[in-house]
Amino acid sequence: MTTQGNIEKRSPADFLKQVVGKPVVVKLNSGVEYKGVLACLDGYMNIAMEQTEEHVGTQLKNKYGDTFIRGNNGK
Amino acid sequence: MIQQPLDLILLALDEEILVKLRGDRELRGKLQAFDQHMNLVLSDVEETALKVEVDDETGEELIKAVKRKMPMLFVRGDGVILVAPPLRTA
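Protein chains in written order, with the numbering used here: chain A, 1 to 75; chain B, 101 to 190.
No lab work stands behind these hints, which were simulated from the structure alone. Note that the structure is predicted; figures quoted are calculated from it, not measured. Think of the CB as a built atom: it goes at the ideal place given N, C-alpha and C, for glycine as much as any other residue. A few of these clues could be false.
Listed below are the simulated DSSO-like cross-link pairs for lysine-lysine, each with C-alpha atoms no more than 30 Å apart in a straight line [to be verified]:
(1) A:61 to B:169
(2) A:75 to B:164
(3) A:61 to B:167
(4) B:130 to A:61
(5) B:151 to A:27
(6) B:164 to A:35
(7) B:151 to A:35
(8) A:22 to B:164
(9) A:75 to B:151
(10) A:17 to B:169
(11) B:167 to A:35
(12) B:164 to A:61
(13) A:17 to B:167
(14) B:164 to A:27
(15) B:151 to A:61
Simulated restraints, written as ranges between beta carbons of each label pair [unchecked claim]:
(16) B:123 to A:19: 24 to 32 Å
(17) B:154 to A:57: 13 to 21 Å
(18) B:157 to A:60: 23 to 31 Å
(19) A:55 to B:171: 14 to 22 Å
(20) A:24 to B:146: 27 to 35 Å
(21) B:148 to A:33: 20 to 28 Å
(22) B:132 to A:55: 26 to 34 Å
(23) A:51 to B:168: 29 to 37 Å
(24) A:64 to B:130: 40 to 48 Å
(25) B:168 to A:17: 41 to 49 Å
The following block holds chain A by itself, in its conformation from the complex:
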């Protein structure tokens, strides 16, 4: 079996540890996308990101520093 990224029967907590520190795209239910570097997240899928950019077709806002996104809004 090819092991790409070591997907074994690990808990979601380990997955979360892997993703932290990486650039991500977060898409919300509303369709808005946020691109940034994942600073941290918790069990409710609340997210803190740095250098976040908001995209709705066109770029509306530049949020440098931390942004917090509530977990229930993710798609």
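Since the structure of chain A is already known, use the hints to place chain B on it.
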């Protein structure tokens, strides 16, 4: 070293923040208090609500920004989408 995002919001206490709400609303105010539901208490807050109006005759779309100010405001957490320190041009 996994910290909760909420711990980082703790650092924003007593600072001015930008809050994005459902329904195309934004708030700018000073963060007085918050909890794990993202319930917020803001002081000296200004709300900006974006409304899209369609002109019946021309079919033209107009985006209106409606603003209002409040000295103190409680925000229920389930309407909160995003919290951020306001943009700084420093």
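Here's how the hints hold up against the structure:
1. A:61 to B:169: Roughly 22 Å separates the two Cα atoms, so the pair holds.
2. A:75 to B:164: Holds, at about 28 Å.
3. A:61 to B:167: holds (19 Å)
4. B:130 to A:61: Cα-Cα ~20 Å, so holds.
5. B:151 to A:27: holds (23 Å)
6. B:164 to A:35: Given that 30 Å is the threshold and the Cα spacing comes to 27 Å, the pair holds.
7. B:151 to A:35: Between residue 151 of chain B and residue 35 of chain A the Cα gap is close to 26 Å, so the pair holds against 30 Å.
8. A:22 to B:164: violated (37 Å)
9. A:75 to B:151: Cα-Cα ~24 Å, so holds.
10. A:17 to B:169: Not OK: residue 17 of chain A and residue 169 of chain B at ~41 Å, beyond 30 Å, violated.
11. B:167 to A:35: With Cα atoms ~28 Å apart, residue 167 of chain B and residue 35 of chain A stay inside 30 Å; holds.
12. B:164 to A:61: holds (18 Å)
13. A:17 to B:167: The given pair, whose Cα atoms are some 41 Å apart, is violated under the 30 Å limit.
14. B:164 to A:27: Roughly 26 Å separates the two Cα atoms, so the pair holds.
15. B:151 to A:61: holds (18 Å)
16. B:123 to A:19: 24 to 32 Å: holds (30 Å)
17. B:154 to A:57: 13 to 21 Å: Distance hint for residue 154 of chain B, residue 57 of chain A holds at roughly 19 Å.
18. B:157 to A:60: 23 to 31 Å: Because 29 Å falls inside the window, the suggested range holds.
19. A:55 to B:171: 14 to 22 Å: Hint violated: Cβ distance 34 Å, outside 14 to 22 Å.
20. A:24 to B:146: 27 to 35 Å: holds (31 Å)
21. B:148 to A:33: 20 to 28 Å: holds (21 Å)
22. B:132 to A:55: 26 to 34 Å: holds (31 Å)
23. A:51 to B:168: 29 to 37 Å: holds (31 Å)
24. A:64 to B:130: 40 to 48 Å: violated (20 Å)
25. B:168 to A:17: 41 to 49 Å: holds (43 Å)
Violated hints, in rising order: 8, 10, 13, 19, 24; the structure is consistent with all others.
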